[in-house]
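S.K.: Put chain B on the given structure of chain A with help from the hints.
Chains as they are written, first to last, in our numbering: chain A, 1 to 303; chain B, 1 to 303.
Hints should not be assumed to be uniformly reliable.
For identical chains, the list gives no copy identity; a pair is met inside one copy or between any two copies.
Quick list of in silico lysine-lysine cross-link-like pairs, BS3-like style, CA-CA up to 30 Å [to be verified]: (1) 81 with 153; (2) 196 with 185; (3) 185 with 153; (4) 196 with 81; (5) 81 with 185; (6) 292 with 159; (7) 292 with 153.
Quick caveat, the hints were computed from the structure, so don't treat them as lab data.
Given the structure is predicted, the values throughout are model-derived calculations rather than measurements.
Number of protein chains: 2
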Amino acid sequence: MGILVVGSVAFDSVETPFGKVEEVLGGSGTYFSTSSSFFTEVKLVAVVGDDFPSEHLEFLRARKIDLSGLQTAPGRTFRWKGQYGFDLNEAHTLDTQLNVFATFRPRLPAGFEEAEIVFLANIDPELQLEVLQQVRRPQLVACDTMNFWIEGKREALLKTLRHVDILLINEGEARQLAGEANLVKAARVILGMGPKTLVIKRGEYGVLMFTAHAIFSAPAYPLEAVFDPTGAGDTFAGGFMGYLAASRDYSEAAMRKAIVFGSVMASFTVEDFSLRRLQSVVYSEIEDRYRKFQALTEFAGLD
Amino acid sequence: MGILVVGSVAFDSVETPFGKVEEVLGGSGTYFSTSSSFFTEVKLVAVVGDDFPSEHLEFLRARKIDLSGLQTAPGRTFRWKGQYGFDLNEAHTLDTQLNVFATFRPRLPAGFEEAEIVFLANIDPELQLEVLQQVRRPQLVACDTMNFWIEGKREALLKTLRHVDILLINEGEARQLAGEANLVKAARVILGMGPKTLVIKRGEYGVLMFTAHAIFSAPAYPLEAVFDPTGAGDTFAGGFMGYLAASRDYSEAAMRKAIVFGSVMASFTVEDFSLRRLQSVVYSEIEDRYRKFQALTEFAGLD
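Next comes chain A alone, as it looks inside the complex (with noise of 0.2 Å):
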């Protein structure tokens, strides 16, 4: 089995009420990888520029990601600046320098286009729907988008979205996308645009997954030192689709569970600035956080 990710590998420079970073390695496709690597195998679909260092190939290497599909372009690798106030649910983008992801175009290698799960993580559309149009037959189609492509690529972002199982965005995208303020109508309108499930992140607030038939609300796990938030929306994402991918089981039962799974990534994530904590984290500590999710959330029924 094993997923197909399409997304960016970047330097973050990343300043929160608790600390700065310069030029650490971020990208959704990092993060996204680098989660699911915990569950199944891997391959990166990305560009870094020829400033790249060794060192972060070699971690990745070392997480089993497959990285024949990562190009290495002439220039700059993509960078991000961004910032968090006290606030750790909004960051506000400072700079954003795409260098050599300006002109990226998405190429699958040998033996890609077979993938059965694909996850297209949070770029132009127009992109997405070119990698996934290069897969042969997709089991399960999952994507992420923001507020930059939902303004400024609305017609192509639901062409793409008509060839999607699973939609994962924000809460405030949700409503944009919609054009609606209440989130459970917001979440109808979305299903009928293509995805079969829809889950939408709130932060610190946790996660809501929307199917036809039902709602599934699962709590972030309270932490008393968030660092850093970048990234945990990709690393929810890896961890989402990994379980999934090693279970082999697209019920909504198996969802629920891998979305705890993705909440409990994220919440390593958030644990140090840029995949740090992605980095020494082991399967013992996600399988004991788990059962801490199921003791949060735990409550007896009726008698």
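M.R.: Okay, now just chain B, sitting in the frame of chain A:
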């Protein structure tokens, strides 16, 4: 068993994006006692003016609420006027007329001082303590408060909190009371002020309960029609305390169930203006929605 509650009885004028009402029945004591009356006996200590209509008294009596502690004073009943935008989590107060509430001194009628369970709704912490001191041997004391008292009467509030078992407050108020942005750390600070249990209300994001050893997270019920959030917090408290009183069990497991019953009651209140939905709801609907909370939150354990 049963509960003694001291709080406000008021006329509310409310405008939300979905409609507008003038001088409808409201007040923390009203919402709390109506909500808890579905589970247990309630004794209400409050004051109204001589303009308070008998139909409202009849409604409260029909809910078997003991009104012998409800004083009628010469003058006008307490009035509150507020507005909500599309972000229904935040009320904008347009006008507050204390009227007879300005000179209210709570007096407990004979028998009330034997109450075993006490809820001190959001009023001046000096009045909260005055009521509490009139109760002989309270077994369980809970209270609510707000930013106005946290800023303006901090010493009196801290004195009251030393006698309180359960504090129920909003997320922003918890941060303000503790002087700490991180909720987990804020909770630890507040648990050091006296309460053994802290219930943090987060509006549409649900509730977090903290004790010395555990955290419980419950979502709010995702509704398609949220008309008016006025009274949701007091309705929550009424369901929460009402269930505890009825079960005579104050264990952590019971408190988790109580949180869900409180959330169920609040989910009805916000479906219409004033207490309209609480006037029509029947107990089988409460149980039915409790089961829906289970369906909303359940997920399987590790294999």
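S.K.: Against the earlier hints, flag every one the structure doesn't satisfy and list their numbers going up.
M.R.: Going through the list in order, the structure violates hints 4, 6, 7 and respects the others.
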